[in-house]
Structure formats: structure tokens, C-alpha cells
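J.: Residues per chain are reported as follows:
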Amino acid sequence: MPRPPQGQLLVVSLGHGDEPYRLAARGADVLCVTPHDVDEARGIVERVREIEAEVERHDEASAATRGPLEPLRVLADLVVLLAPTQDEADERLARLDAIDPLTSDAAVLATTPSALADLLVAWQEAGLDGYRLRPAVLPTDLDRIVDGLVPALQQRGAFRTAYVGSTLRERFGLPRPTSRYATAGSSA
Amino acid sequence: MSRKQIVLGAYFPGVNHDTVWSDPASGSHIDFASFEHWARTAERGKLDLLFLAEGLRIRTRGEDFFDQDVVGRPDTFTVLASLAAVTSHIGLAGTINSTFNEPYELARKFATLDVLSGGRAAWNVVTSSDAPTGENFRRGGYLGHHQRYERAGETLTAVRALWDSWGSDAVVADPSSGTFLRDGHVGDFAVHGNQFDIAGRFTVPRGPQGHPVILQAGESPAGRDFAAANADAIFSRYQKFDEARAFYDDVKARVAKAGRDPGEVRILPSAAVVLGDTEAEARERHAEIHDRQVDPWTAIVLAEMVWNRDLSAYDPDGPVPDVEPTPEAPTWIRGRAPLTQDAHATATSWREIAEARGLSLRETVKHVFDRAVFVGTPEHVADEIDRYVQADACDGFILGSHVSPTGLDEIVDRVVPILADRGVFRTDYEAGTLRENLGLAPPARFGERRPTGSAAVAS
Ligand SMILES: Cc1cc2nc3c(=O)[nH]c(=O)nc-3n(C[C@H](O)[C@H](O)[C@H](O)COP(=O)(O)O)c2cc1C
Numbered sequence: 001m002p003r004p005p006q007g008q009l010l011v012v013s014l015g016h017g018d019e020p021y022r023l024a025a026r027g028a029d030v031l032c033v034t035p036h037d038v039d040e041a042r043g044i045v046e047r048v049r050e051i052e053a054e055v056e057r058h059d060e061a062s063a064a065t066r067g068p069l070e071p072l073r074v075l076a077d078l079v080v081l082l083a084p085t086q087d088e089a090d091e092r093l094a095r096l097d098a099i100d101p102l103t104s105d106a107a108v109l110a111t112t113p114s115a116l117a118d119l120l121v122a123w124q125e126a127g128l129d130g131y132r133l134r135p136a137v138l139p140t141d142l143d144r145i146v147d148g149l150v151p152a153l154q155q156r157g158a159f160r161t162a163y164v165g166s167t168l169r170e171r172f173g174l175p176r177p178t179s180r181y182a183t184a185g186s187s188a
Numbered sequence: 189m190s191r192k193q194i195v196l197g198a199y200f201p202g203v204n205h206d207t208v209w210s211d212p213a214s215g216s217h218i219d220f221a222s223f224e225h226w227a228r229t230a231e232r233g234k235l236d237l238l239f240l241a242e243g244l245r246i247r248t249r250g251e252d253f254f255d256q257d258v259v260g261r262p263d264t265f266t267v268l269a270s271l272a273a274v275t276s277h278i279g280l281a282g283t284i285n286s287t288f289n290e291p292y293e294l295a296r297k298f299a300t301l302d303v304l305s306g307g308r309a310a311w312n313v314v315t316s317s318d319a320p321t322g323e324n325f326r327r328g329g330y331l332g333h334h335q336r337y338e339r340a341g342e343t344l345t346a347v348r349a350l351w352d353s354w355g356s357d358a359v360v361a362d363p364s365s366g367t368f369l370r371d372g373h374v375g376d377f378a379v380h381g382n383q384f385d386i387a388g389r390f391t392v393p394r395g396p397q398g399h400p401v402i403l404q405a406g407e408s409p410a411g412r413d414f415a416a417a418n419a420d421a422i423f424s425r426y427q428k429f430d431e432a433r434a435f436y437d438d439v440k441a442r443v444a445k446a447g448r449d450p451g452e453v454r455i456l457p458s459a460a461v462v463l464g465d466t467e468a469e470a471r472e473r474h475a476e477i478h479d480r481q482v483d484p485w486t487a488i489v490l491a492e493m494v495w496n497r498d499l500s501a502y503d504p505d506g507p508v509p510d511v512e513p514t515p516e517a518p519t520w521i522r523g524r525a526p527l528t529q530d531a532h533a534t535a536t537s538w539r540e541i542a543e544a545r546g547l548s549l550r551e552t553v554k555h556v557f558d559r560a561v562f563v564g565t566p567e568h569v570a571d572e573i574d575r576y577v578q579a580d581a582c583d584g585f586i587l588g589s590h591v592s593p594t595g596l597d598e599i600v601d602r603v604v605p606i607l608a609d610r611g612v613f614r615t616d617y618e619a620g621t622l623r624e625n626l627g628l629a630p631p632a633r634f635g636e637r638r639p640t641g642s643a644a645v646a647s
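Residue numbers (our numbering), protein chains in the order written: chain A, 1 to 188; chain B, 189 to 647.
Honestly, the hints are just simulated from the structure, not real lab data. There may be inaccurate statements among the hints.
[Said to hold, decoys possible] Label-pair distances were calculated between CB atoms; the ranges are:
1. A/E170 <-> B/D362: 38 to 48 angstroms
2. A/R22 <-> B/A501: 55 to 65 angstroms
3. B/F220 <-> A/R22: 36 to 46 angstroms
4. B/E407 <-> A/L138: 41 to 51 angstroms
5. A/L9 <-> B/R471: 30 to 40 angstroms
6. B/N289 <-> A/L9: 19 to 29 angstroms
7. A/R160 <-> B/D498: 55 to 65 angstroms
Just so it is clear, the structure is predicted and the values come from calculations on it, not from any experiment. The beta-carbon is built from N, C-alpha and C at its ideal position, and this holds for glycine as well.
Isolated chain B, as found in the complex (with noise of 0.2 angstroms):
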């Protein structure tokens, strides 16, 4: 049987405790020339995608600024556009909510990437998670969980609509005859359903993926069975072995439930890498960046996540606190995508590590944190990376790691071409769109205008 061909892809280093920004190698996360670096390197390596995360709502912890991570995030559409002119195979994927933004401007913002970028747009459907990012907006924090995802089924089926609306050969532009479109339908749509009554003409042509590709995250059974029926692939933060596989067989039973080939859905786990020369170099290197990634008050506050509460008077180098989590009390630390669904689990699940192992607070917070999934030798790094993927425990990665812009280099100079070696990652781009390159089929009603007022999407 031949071996799975692995998706790669790369994060830039994230708003959160993982980024070290204090490391004297740590350019700006904001700068043009970082972004810039970032992705020469990504496509350097014949990575498929790069890949930016999303939030909305500076965040806080109380009444108070909440700074010991890296604070500040630019415009994921003006980022992506502006390195769609510096790169020219990889793909761009952007996490963009679905409960905030209205579906005309999203399906023009995202056809719009993919006729810049020659077919590279990727959107990452989330619904985001918590009311303070809603007060930004016009309606305010006003969807609960459950219509959080109906809008966002909505939205989608809303935004395809949209992209369908012109079809693949709706510019004619023929001087001779004076003909500019093909027929007076032209981005003519009408949606309606529970969350939109929506009506008119679209402007944007049919962008060379038809369908820009579709990438979700979110974990609980109504994201799964949402990816499951919608995605094109899954950016998950399975990182462990077992649960990734856990995981993976989960999401590929609710694909083939929702009729579709589950090899359809790729799923893709986010993995920070740590390199060295030995095994030995690797464990310690490692140690050191994570010592510096949960410093004690950085495990304070994450403690606070899952307890929602002030932990200030706890020694991070004593016990696991044996207060009981407050899940009800209004949000104690705003603008963080939450940790857990269920935080008095969560709070025992810690005191249980902790008792087992012997740990303090803080060195519980490091353990249960660790989010370098891989660290080792360039080979061993390699082995592993094949080794989820040929078992199934993922369809590929996307890699990352403290440092940014220059943290991915190592990844590309030295456990990419090892993977290329071996045959189970490209050695040049296959093709000319992210679809095409992830071995993705074309959107189904690919060029075919819809009929007016079809898309109906009440349930």
C-alpha cells in the first residue's frame, strides 16, 4: 500500500503563552518583514498552507490588561493579501468567525484573496468563543453555543451560494459584440433561513478554486459534526498520540455519517517543534524554552482559565488549589478561547496529576501544557511526523514554533527535506491552487450557476 502523502502547514507564532516574546531571537509579530519571513520560509519548504489564528478582544484578566503574552493581532485579510504578493504556491488560510461578520462581506473578502493570490484562499471557520469579543460588534455577544452554529451552517451555505453566483465563464468581454457578462444573472442570489434574509448581486467573479478551501476549528460535538458536513480540513490541537487518533476516528465516523468519502477531510493538529543535534540537546533546549513559557505567574493565569477566578494568592510552587472551579461567575479572563468545556473535571484532572506525579501547581500547569509535541533530532522529529500520519492519527501538521518569524526555519532547513527524502512530502508544487495541491476534488457545482432564489437554507 503506498504510504499517505502528509499536509503540512505553518502557524505564526501565536497570542499566547507559547510565543515567547522575550527571547532575544524574537523579531516583531506585527512588522510587514515578519510576516514577510515567515512565509518565504513556508513556501521554501513546499509547505501547503500558511495558517493565521484570530482574536478580536484584546484580552484581560479582571479589570486589568492582561500582558505577559504577546498582545496585538493585525487584519488576517490585510496579512494574507499582502503576502499573496510575496509568495506564489503556498496556500493562505485565515481563521475568520462566522458569528460576527456578515456572509456578502466574507464571500467577497475571501473570492476576493482567491483571485489575488491565483487560487490560494483558505478560510478557517470559527465561531468564537465568548461574549466580550461580541460587544465589538453591532449585536453584541447575542448567540448562544447552539445558534453559534446554526449561523455559522448558515453562513456558509450562504457564502457558497454567493461564490456560485457567477459562473466560471460569466465574463465574456468581447469588444466585437460589446459584450462585457455572458447573461443579466450575474451574481443574482437570494438566502434565506434563520439567520439571514438576504437578496441581491454579487460582485466578485468566480475566484480559481470556485470554492476557496474550507478549514474549521472547534471542538464540541456540534463543531464536529459542522466540520464534518462542511470542511475541508480540521485544525485541531489533538496532539497526543492517542488522542489525536481518538480524535480522527471520531470526526471520519461523522463524516461518513454525513455522506461524505471521510478521506475527503483532512485533519490537521497544530505541533510546535524543538529541535537539536542529540536527543539529549533537544529534552534540554526544550526545558528551558518551556521554563520560559509558564513562568510562575504565566501558571497562575492559566490555572485562572480553567477556575475562572483569582488564584493571586496561590504559591505556584505549592499545591494544586483545592478551591472548586467558578464556571458561572462572570468571565474572569476575557479574549482567551476557553480550556476547557468542563472546568470541575478539568480542576480534578489536575489535583489527580499533581498527587500522582508529586507536582506543584506550576509544574502541573507545564505538564498539562506542553504543547511541543515534538521534540528530537531532525530524523527522530521526521519519524514522528510520519508516524501519526501513516497511523492515522492525523492527515498532517501545522507546524510551529516559539520564536517568531524566524522559529519555522529549522523546521523547513532540516525535518521538511528528511520527509521529502522518505517520499511522503513534495518536493515541488504539484499544482497551481491550494485545492489542486491538497489533492482536494473541485467544489461540486464547480461553474455552474445557480438557479435564483434556490439556496434556500431554512432548516
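Next up, chain A with everything else stripped away, as it sits in the complex (with noise of 0.2 angstroms):
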């Protein structure tokens, strides 16, 4: 296979601790984590960028081309439950929990779109890039997520209206890396 459009695919990875962040920190674009509030938030971006010093980042023969790698995008999982008051949001985690008791490794979130979106941007402030959300339940939360939660952000300014790039790198503000094989007169 010819090098694909992207050059080298987006690589992500989930972790909970400083082991899975040092893997990430040598080799990842994206980390995912699982803070329980902002402040918790603000301690593993921290630690993240603490990480990513000690590790000597590498990527060793691409390291001398394409100089040092980009900092890790760091988003929060965030397990979503949405309704459209904080009372029925209530109500069906309640239900959910009454057939089995609804637990996760991310924080889970009952709550209304618009106070998901406010909760979303204050957190950003903890130094995170931004979120992978899980809707709680399908199709029902990633509906609402599309219909409540996006047109919510747009509002304040957080979210895209059109994308803007065509691969995922570009999406997260990463370049194409050069090819490690790449000579003085070929393409990357």
C-alpha cells in the first residue's frame, strides 16, 4: 500500500494511570482520560505534562526530519446520559440503575444538554483538549448529543459548524509527519 492520505494514522489510547501516560507520551497523538471533576481534571493534565518531559519522546527515525512530536491532545471520557430537565435526567439513570446498576471507569453524567455544554467548557480550563463522550444509551444519548448538546456548544462559541480539513490529523491541529524513508528530492 502506498503511504495513506494521513501518512501515519491517528493513534489514541486510553489510560487511568502513570503507566498507560508514559506509553501514550512515547508513542500516542491522543490520550484519554477519566477525571471525576475539574479538579481531578487539572491533576492528570498536569501529571500528563509532567510525563511527557521525563519521557524523551521518541520516535527515532522520524525524530531527526520532523523535530519534536506535538504535545498529546488529552480528552476526558465522560459517560452521558441526557434528557431534557435534570429531573427526567434523574429519573432514567434511576431506572437504568433499578435493572443494573449503571457503573464505569469514566464519571457518568445525568444531566440536561445545556448544562452538559457548561460543564464542557468549564473543565476545558483544566487544560483539557476536549471530550470523548459515551452515550449511556444508543441511540437515545448520542441523538441527544447531536440534537441538544452541539447546537448548546455552537451557542457559546466551543464547537465547530462545518468542518474545517479532511483527515482526522487535521482535525486535531496535527501535521502529516514525514515519511521516516523520506529522501532529500522525494515527497513525504
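Please assemble the complex out of the two chains, which come individually in their own frames, going by the hints.
T.: Rendered as C-alpha cells:
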């Protein structure tokens, strides 16, 4: 296969502690983490940045041609359950819990689309680059993310209204890595 | 007696000299748009299946890159899955080798393709020809010819056991009782043989076909016996009428010997088609195409495939080389399926052809590699396809042309409708699954979960 459009595919990993953070710092582009509040999010991001500095992020072959790697993009994983009112959200969660308690490594947020939009904007201040949302129930919560949360974020100027760029790397603001085999005169 | 219904598939123009990538009409052989055009065209013609070959080693000649042909080929499963999304009836056949893959992964990927496509998956089981391909993989080129077919047999047995590990009714998903699966054994498998010792739980529910359709390609006696015992269809390259008839008889006899009904196994040679409004125009077009397919340098390289040595010092317009082939030497051209099982005999026959017809090396190669079996007006080509099938030279064809991806268009638009008018090819899809459209029986154990631990394949 010829080199694919992104050069190197986006590498995403989920981590819950120093060891996986170190693995991500060595080779990933995106790290997903599981904070339960904004303070924990801030602590995690600081720890990730320390580890990044510690780990000599070696991507041996390309280091010479490409220079320092981009900092990891850090996303918070959140399980979301949405309803038009807080009471309805609480009720939905209670109903799910009654069948089988909803537990997760990530924080479970049962709330309204606009309250979730406020929370996501507020948590960004902890240094997060974004979020990976896990809809609690498909398709209900995915529909509510798309139809409720996304417009609320757009109103706050916190989310795109159209795609820019075509590759996933571009969406994360990551350049196309130069091929380790590129030589002067060949295109990467 | 009613006339046989013809099976028709479409191959994607291959990674070989038959594909003329320098033709102005040629598009990408990698972009989704090319595959999509090809797939939609084939489905417009109500063809039975799409067919993808596989090559897992970039071709080299000596130490050099071998780049007079198209180079590069994307992953079969990914392409077929993407095509499942833009088609709704046509079968999706992938050539995947049984030598460098694990049964668990194979079963999982084909079962997934079958589920995603609504019952349209087919697996062309090949053993792959060369040690250089094996160098890509963990165990390397470690299997001799005989063991490759032993492994193929055990792989297929294991894969079928995995496909059977979920009954058709395994998923209950009953909210009132909170029951998702019917019983606690769903997915259980254990397979022991000379090549495998595996046990576990399979993750993919049974697909609509139960077992995806099995094709095979491989010409040795071991390959033919493997197909006779296991395949629903055979992809062959026996295209000339007499050799196709001989292959047909040989394989059908093997099928009977394996205890199966010979009618259960479809034999499908590949066939390139060149059309013209008149016979003369078609022949002229074919001559031009063939001249580009076997240019002087390609003629040398194709001869090297047989001789297994550097022939660049020979003149393509001169005689067939008088030196002997060196089949025992390290492989000179790597990553291409061998052209012959007996290099000395093939070289001798080339010399005889050249002498009898007064041909140069290049002309001899062109003569031998005339893959465009059907050249003529649409009526003539339809006649020929029908003749081969009704005379039991084959049960249908996998069709294509020298141009990707639009080469199939004229075949679908001009030849297929004639066959449909004659009542030997469908005017619409009969059923939902490929297995049903091919008229194949459901797999024997359809819907029955086999008891745990009974799938031993040791010989
Ligand atoms: C018509 C035909 C098409 C084949 N296509 C492929 C292919 O796409 N990929 C591949 O790895 N091998 C392919 N093979 C070769 C098979 O790997 C086959 O198993 C190999 O030739 C060794 O078996 P044999 O000695 O029985 O022919 C093909 C063989 C034939 C006859």
C-alpha cells in the first residue's frame, strides 16, 4: 500500500495512571483520561505534561526529520445520559440503575444538554483539549448529544459549525508526519 | 432439458501485466471511487459476485522493484466491507490465504462481513505460493506445499466449527426475562489437529448464510482435492475450451469421489473480454491492447517467470532463449504466483510454439499469455459464454477487462443483457443471500450448535 493520506494514522489510547500515560507519551497522538471533576482533570493534565517532559518522546526514525513531537491531545471520557430536565435525567438514570447499576471507569453525568455544555466549557480550563463522550443508551443519548448538546456548545462558540480540513489528524491540529524514508527530492 | 443458468462474477483488474494502467481510460486501482464504480456496475448487471485477488508481497525482480505492472493493493476485508455499504445484492468474494492467517481471525472477519452485508460474504481460500510472502509474517515461509494444504484443510474445518459455535437462535435478547443468550455455551469451540490446538469462545453471532460461500483457487492435485472436498466454487484460469472441459471433468470426478454431488461445485474461470461493433473491430482493439500488455520488456520478465533467471540480455524480438530454466535457483521474481509447475516442460513447449509458428520470444509470450478469451461483438461473446457453460466447460465466468475501473461497463451494458434475454442469466436477484442466489444448499449443520469439543480434525 502507498503511504496513506494521513501519513501516520491517529493513535489514541486510554489511560488511568502513570504507566499508560508514559506509553501514550512515547507514541500516541491522543490520550483519553477519566477525571470525575474539574480538579481531578487539572491534576491529570499536569501529571501527563510532567510525564511527557520526562519521557524522551522518541520516535527514533522520524525524530531526525520531524523535530519534536506535538504535545498529546488530552480528552476526558464521560458517560452521558441526557434529558430535557434534570428531574427527567435523574429518573432515567434511576431506571437504568434499577435494572443493572450503571458503573464505569469514567464519570457518569446524568444532566441536561445545556448544563452539560456549561460543564464541558468549564472543564476546558483544566487544560483538556476535548472530550470523548460515551452515550449511556443508544441511540437515545447519541441523538440528544447531536440535537441538544452540539447546538448548545455552538451557541457558546465552543464547537465547530462545519468541518474544516479533511483528515482526522487535521481535525486535531496535527501535521502529517514526514516519512522516515523520505529523502531529499522525494515527497513525503 | 432446461438450459444451465450461468454464474457471473467480476474481478477487479489485477496487479499484473493484463491491467494496462497507462491506458488513458484507467483510473486509480486504490481509491474507493474506483471500487465503488466497479461494484455498482456489476450490481447493475445483476452479477453474482465481486471478486478480489490478494497479493501480500510487493513484486521484486532480483534485488529491484518490479514496477512495470500496477503496484500496490489495499486490504481485501476493508474494501469488501466498504462495498457492502454501497451495494445490496451482489456477493463479496475475498481471496485470503490460509497459510499466514489464524482460523479465529479468519472466522471472525468473514462472519462479520456476512453479518454486515446481509449474507453476501465469500472466501476464496488460497494457500499462497511463495516463501517471500511468508517473510512478512511471524512464522515466515515455513510451510511446504503439502503442509500448506494440510493447514488449509484444518483451517477451514476450524473456521466452520467457529461459524457453527453460535446457533441461529443463540440471541434471545428478551427484556422481560433479562435473557440475552439462549444458553451458557454459546461460542464454545475446541479444535485440535496437526496445525492447530485452539479453544475458546467465539464472539460473532451466526451470519445470514450460516457459512459464507467457499471458493478455492489452486491447480495442483492437492489443491483440486481440497476444492473437491470443501469448496462451493472454484476460480480457475483454464480458459481455452478444451482445457476448461478437461479441468471440469477432472474436478467434478474428484467431487464425486469426495462423496459430494458434482453439481454442488461451480467452476468459474476468469475471462477478459474485448468487444467491438464488428468482429474485425474487436480483433483490432484486442491486438492493440495485447501489444501494450506484453510490451518488449514485459515479454522478457514473463519469460523470466518461467526460466527463473535474468534474461535481460536476450532480444525480445529474437528467438526463445536456448538456455535451460533454473527452477532450483533462488526465486528471481518474487511476489507473483508461479506460472508453471514444470519450468523445463514449459520452456520446451514455448520453443515448440515458436518454431512451429515462426514466432519471436515476444510473439511467443503474447501467444501464451492471451488472457482475453472472448474477443468479438457482444452477440459473439454472449454466444461463447453460453456455449462454454452449456457444454460443461464451466458453470460461469469471473469477467473483467484490462482497464480499471470502467472496463466492466461495456460487458454489463452489452453482453449481460443478451444472456438475460436468452433466459440463461437472471433478470433480477432471486434472493437475499449469495448462497441462495448461487442456488447452493444451506450448510449441513445450519443453525445447529455443535457439541463442545467434537471438532477434532486430526487425521
Ligand atoms: C486462478 C488462480 C488464482 C489465484 N489467485 C491467487 C491470489 O489472488 N492470491 C494468492 O495468494 N494466490 C493465488 N493463487 C495461488 C494459490 O495461492 C494456490 O494456492 C497456489 O497456487 C498453490 O497451490 P497449487 O499448487 O495447488 O496451485 C491463485 C491460483 C490460481 C490457480
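J.: Does each hint hold? Answer for all of them.
T.: Here is how each hint holds up against the structure:
1. A/E170 <-> B/D362: 38 to 48 angstroms: With a Cβ separation near 46 angstroms, A/E170 and B/D362 satisfy 38 to 48 angstroms, so the hint holds.
2. A/R22 <-> B/A501: 55 to 65 angstroms: 58 angstroms, holds
3. B/F220 <-> A/R22: 36 to 46 angstroms: Roughly 37 angstroms apart at Cβ, these two residues keep to the hinted range, so it holds.
4. B/E407 <-> A/L138: 41 to 51 angstroms: 49 angstroms Cβ-Cβ, so the 41 to 51 angstroms window holds.
5. A/L9 <-> B/R471: 30 to 40 angstroms: 49 angstroms, violated
6. B/N289 <-> A/L9: 19 to 29 angstroms: 22 angstroms, holds
7. A/R160 <-> B/D498: 55 to 65 angstroms: At roughly 58 angstroms between Cβ atoms, B/D498 and A/R160 fall inside 55 to 65 angstroms, so the hint holds.
Hint compliance for this structure: hint 5 alone is broken.
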